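Chemist: In case you want the letters, here they are:
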Amino acid sequence: MSDEAQTVSIEITINGSRYQREVEPRLLLVEFIREEVGLTGTHIGCDTSYCGACTVILDGEPIKSCTLFAVQADGGEVITVEGLEQNDELHPIQQAFSQHHGLQCGFCTPGMLMSSLALLAENPTPSEKEIRKQLGGNLCRCTGYQNIIKAVQDAAKTMQEG
Amino acid sequence: MLTGLGETAKPLAGGQTLIPILKLRMDEPSDLVDIARLPDLHYMDDNDGVIRIGALATHGRIGKSDISKVVPILGDCANGIADAQVRSMGTIGGSVSAADPSCDWPALLHVLNAEIICQGEKGRRAVPIREFIQDSYTTALIGAELVTEIRFKTPPANSGGAYIGFKKAAPAYPAASAGIQLSLAEGSVCQDVSLVLGAAGPRPVTSVEAENYLRGKTLTADRLEQAAEILLDASDPPADSRGSSEFKRAMLKSIFLKAAFRAIERAGGERIEGGPEYV
Ligand SMILES: Cc1cc2nc3c(=O)[nH]c(=O)nc-3n(C[C@H](O)[C@H](O)[C@H](O)COP(=O)(O)OP(=O)(O)OC[C@H]3O[C@@H](n4cnc5c(N)ncnc54)[C@H](O)[C@@H]3O)c2cc1C
Ligand code: FES
Ligand code: FES
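For the record, the sequence lines run as chains A and B. 1 is the number of the first residue of the first sequence in the numbering used here; add one for each residue after it. 1001 is the number of the first residue of the second sequence in the numbering used here; add one for each residue after it.
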């Protein structure tokens, strides 16, 4: 990996489609997703690995795509916010965020949605405390979090019934 | 494995310490070797009275493991590190190798008197954690050695422990932390005990004097408070953006005592939740 100009061939599955690219070893996963593949729903909100706006799911676990090299995800399966919608229908988590005003400016939302998805996959009936804990790595400057908690609780209910 | 790559080659485990540093261009290693793909270093097992954790086990996996149910202080630590996203990637081996004074594992592993298994060209050696962490950001690793395993004795049935980090927010490192593991005989008599303060100096702070002050004695609130004072005397919490030294001393004392009472309850068989405290 020493020569900066040297590239590595990697293949990452994103939302079910495979993307094979030649990349520089220091390319971040978020750059791979946004620039190489052109999926711009995943946001970059800080330089310090702090805000969580860049959260995606890698092999079932939420990660900060700004704090991972694309080569580390080689062979892996990624889900981004674009992967939530199925057959033109919003995912129940997206519907709940919209109904409960879980977003204002929307900057944190892609990351919030992905962390919520990871939470509900692991724990379909989370308590308020568990939701707060799981979303601790996703910062929101606008909503004060209360509506986000409500949205996740409501989405959990819908997904249980559905 | 790293030999032949040059002086500035570095292993990359979860990248949760290394990548933020690289993004800020505070370090420029010539080569990174992705060790996360090494097979067989993700294990956790508890056999014949010894718990062994592979260096690549993530904070998230350790926190959710059966081992954390048997030894709750492990869950207190693992589940309190950063946020869910960082816990998905960050590894216990990376945390001890980074030897960041604010990192939780180096402090926690002092409480468990863990051994760090280091593997290099010349073979394997076991280094006690108290010798492994030499100074801030400085370990006993030589040359291209890798940490491959962390191991410690499974605490006995009459033992309980607790670890509390004091944090401003999930993605923030703790401003201070305290841990204790103790075993109790009849009548709250302390059979054995091990104490630590984290983020309270260049390396985790321990005190044999404070431990001896508790060993063999009935654990009263007064006695624990005295032990806290002895331990605090050995600490030197730096003033920084997370607070002044005085503030940190006050916090350290308060979370130490809270951890001690929690450890006593757990030693008595209570199942109580633990983890960090937020400002
Ligand atoms: C936003 C944020 C918040 C955080 N909050 C906390 C917190 O509250 N508490 C806490 O404890 N930590 C925190 N961390 C750090 C996190 O726990 C890291 O995961 C951990 O410190 C390093 O593990 P890693 O696997 O990511 O190591 P890497 O970043 O991959 O490596 C760290 C260093 O160790 C070396 N290394 C890695 N593995 C080995 C090995 N097996 N043998 C030899 N050398 C090795 C690397 O070369 C590098 O120098 C936080 C990180 C972030 C980004
Ligand atoms: S962009 Fe802020 S954590 Fe990734
Ligand atoms: S909606 Fe604006 S940051 Fe969350």
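Errors might be hidden in some of the hints.
Unchecked claim - Simulated crosslink set (DSS-like; lysine-lysine; CA at most 27 Å straight-line):
1) B:K1064 - B:K1217
2) B:K1153 - B:K1217
3) B:K1122 - B:K1064
4) B:K1168 - B:K1122
5) A:K133 - A:K157
6) B:K1010 - B:K1153
7) A:K129 - A:K150
8) B:K1253 - B:K1168
9) B:K1153 - B:K1069
10) B:K1122 - A:K133
11) A:K133 - B:K1010
12) A:K129 - A:K157
13) B:K1153 - B:K1168
14) B:K1258 - B:K1168
15) B:K1253 - B:K1023
16) B:K1023 - B:K1153
17) A:K150 - B:K1023
18) A:K133 - B:K1153
19) A:K129 - B:K1069
20) B:K1217 - A:K133
21) B:K1217 - B:K1168
22) B:K1064 - B:K1258
23) A:K133 - A:K150
24) B:K1217 - A:K129
25) B:K1122 - A:K129
26) A:K129 - B:K1010
27) B:K1153 - A:K150
28) B:K1258 - B:K1069
29) B:K1069 - A:K133
30) B:K1064 - A:K157
If you are wondering where the hints come from, they were derived from the structure by calculation, not from laboratory data. Since this is a predicted model, take the numbers as computed values, not measurements.
Chemist: In ascending order, which of the hints set out earlier in this document are inconsistent with the structure?
Modeler: Checked against the structure, the hints that fail are numbers 1, 3, 4, 6, 10, 11, 13, 15, 16, 17, 18, 20, 21, 24, 25, 26 and 27, while the rest are satisfied.
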